[in-house]
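A.B. asks: Start from the sequences, fold in the hints, and give me the full structure.
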Amino acid sequence: MVKEKINNLPEKPGVYMMKNKNGEVIYIGKARNLKKRVSSYFTKASRDGKTENLVNSIGDIEVFITDNEIEAFLLESNLIKKYRPKYNIVLKDNERYPYIKITNERFPRIMKTRIREDDGSIYFGPYPNVKYINHTIKTITDLFPIRRCSRASSSAPIKNPCLNYYIGKCICPLLTPEKESEYKRLVNQAVLFLKGRKADVLKEIETEMGKEAKNLQFEKAIQLRERYMAIKNILKEQKVFSSSAENEDIMGIADEGNLCVITLIMKRSGKIIGKKSYTFEIEIGPEEILEQFLTNYYLTSDDIPDKIILPMDIQEKELLEISISEKSGKQVLLEIPERGQKKRLVEMAIKNAQNSLREHLFRYNPEKAAIELKKILNLDREPKIIEGFDVATILGSFSVASMVNFINGIPNKKSYRKFRIKYVEGQNDVEMLKEAVARRYQRLKNDKGKMPDLVLVDGGKAQLNAAIEVMEKLDLENIPVVALAKSREQIYTRNREEPIQLPFNNDALRLLMAVRNEAHRFANTYHISLRDKNLLLSRISEVKGIGKETAKKFLSALKDINGPITAEELEKIDGIGRKKAQIIMDTLLKK
37 MVKEKINNLP
47 EKPGVYMMKN
57 KNGEVIYIGK
67 ARNLKKRVSS
77 YFTKASRDGK
87 TENLVNSIGD
97 IEVFITDNEI
107 EAFLLESNLI
117 KKYRPKYNIV
127 LKDNERYPYI
137 KITNERFPRI
147 MKTRIREDDG
157 SIYFGPYPNV
167 KYINHTIKTI
177 TDLFPIRRCS
187 RASSSAPIKN
197 PCLNYYIGKC
207 ICPLLTPEKE
217 SEYKRLVNQA
227 VLFLKGRKAD
237 VLKEIETEMG
247 KEAKNLQFEK
257 AIQLRERYMA
267 IKNILKEQKV
277 FSSSAENEDI
287 MGIADEGNLC
297 VITLIMKRSG
307 KIIGKKSYTF
317 EIEIGPEEIL
327 EQFLTNYYLT
337 SDDIPDKIIL
347 PMDIQEKELL
357 EISISEKSGK
367 QVLLEIPERG
377 QKKRLVEMAI
387 KNAQNSLREH
397 LFRYNPEKAA
407 IELKKILNLD
417 REPKIIEGFD
427 VATILGSFSV
437 ASMVNFINGI
447 PNKKSYRKFR
457 IKYVEGQNDV
467 EMLKEAVARR
477 YQRLKNDKGK
487 MPDLVLVDGG
497 KAQLNAAIEV
507 MEKLDLENIP
517 VVALAKSREQ
527 IYTRNREEPI
537 QLPFNNDALR
547 LLMAVRNEAH
557 RFANTYHISL
567 RDKNLLLSRI
577 SEVKGIGKET
587 AKKFLSALKD
597 INGPITAEEL
607 EKIDGIGRKK
617 AQIIMDTLLK
627 K
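Just remember that this note's numbering sits 36 ahead of the position in the sequence shown, which is counted from 1.
Worth double-checking, as some hints may not be accurate.
[Claimed, not checked] Derived lysine-lysine pairs resembling BS3-like cross-links, with alpha carbons at most 25 Å apart:
1. K311 - K363
2. K522 - K410
3. K449 - K363
4. K410 - K311
Calculated from the structure, these hints are not laboratory results. For clarity, every value in this text was computed on a predicted model and none was experimentally measured.
C.D. replies: See the structure below:
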């Protein structure tokens, strides 16, 4: 039934609602082309394990056709608020950052707030930098004398204005309510300024100046000219500070299991003013989460930059670009940089997202986790000491393994060990793991050291069986061994055919994930240190026809790779075709 519906979907913009077999809405999305977008979910080559879970849950699909992309953008947001589907994100800050608020009153005022309400007010932010907010509010009240006081608006004029009136920081519409239209113009200009539409503000003030001069209101015209020049000077100062004076948001994303963190670095007038992180616990892939985040975040924000720099491509990039531009009243570009400063900023945002993710993964109750592990794994005692293993290699070269040690749920870094793989030829992760486990526990037996209560290996059934085989040969079969598979965070144990699947917020699972991730990090750090530029360069120099510049490009392409690569990937590097790619592979695989 679902496939028949997909075949009959129109190639028009709209919103699609995916329902489970009970008719409950589980996912809502938007599309420029409904048929093309919905069909993409059912193409196996283009979906990961998390999307697979969503697709397997679909029992029906309902669509809403809209006249244009903007309507689809807005309808999606409204339907998500109504149904709150399982596979759609809910936008929450990790912290309660402050906003700049223009109140919804007869005579609006500007203020700082940490609470965003659905009260008709205009909100800018949230901003992670309070100093930036204070500076911005001061700039606004210097340029546009609108009120900051908390006096209630009324039709009757007040008799005693506040100090801001006397020092020229507010025209005090409460004193002279007949100035209501003039005051509204000031507020509108302040809003445009905060939105980054300074050219529109200058044009509006210039028009006002002409009218006042024509009506012989020279004093008023002079005040407008002073405001005009003040804004012009601000624009000049921004250009001096930064040649581009760009307003940009830079995105970074990191995910692990069902947990995903998006970090947003805010750059205003060419200057980084802070960062924000958002955490989502949801069973969809990072591309889908990023697309939903962009929709939810910018649909509700009045502080929209000129550019949004993304860490990866998304399916509805063009639709989002059009919709966000329409919302902000200016051209907004979504970019995916390949090199240069913007690429480095994205990498910085990703590192911050990874750090925030790591902090979340370590948020478990160690005591509760040990009790749950004992119960879930049917252990004789609570696992006070857990040791985790991982391997890292590239084309079988510079192969290493790591062992990390956790005591009572806390990393015990002085007991960490790293192994340079000596006896395994080629790309064989299982044999490398066996070598590391054997070397660790043979040494521990010889030294009569303290054995762990639980051994964890990164991987699935093959890795589990390999570690068990080693422990049995060492007469250590009494030490329980488990494997944790990264794709769906499934726990493999000796006496069960099927893996154990725990809820992502389970303390026992989070402890195992923390051990596994720390082992991966430690192995990777050691691996990268061995994969030194000079070592690789010496091998690349053995390849005929590879010049110095091509070698540099090759090294640059490899520096961020944590695992195996293929000849097909090497072909993509400038200056390396299919033939050279294969020669390089053969060269690197040599011991």
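A.B. asks: The structure should be examined with respect to each hint, and the outcome stated for every one.
C.D. replies: Comparing the hints with the structure gives:
For the proposed pair K311 and K363, the alpha carbon gap of about 23 Å is at most 25 Å, so the pair holds. For the suggested pair K522 and K410, the alpha carbons sit about 21 Å apart, so the restraint of at most 25 Å is met. As the CA atoms of K449 and K363 are separated by approximately 50 Å, the hinted pair breaks the 25 Å bound. Of the pairs offered as hints, the one joining K410 and K311 is violated, with about 40 Å between alpha carbons and a cut-off of 25 Å exceeded.
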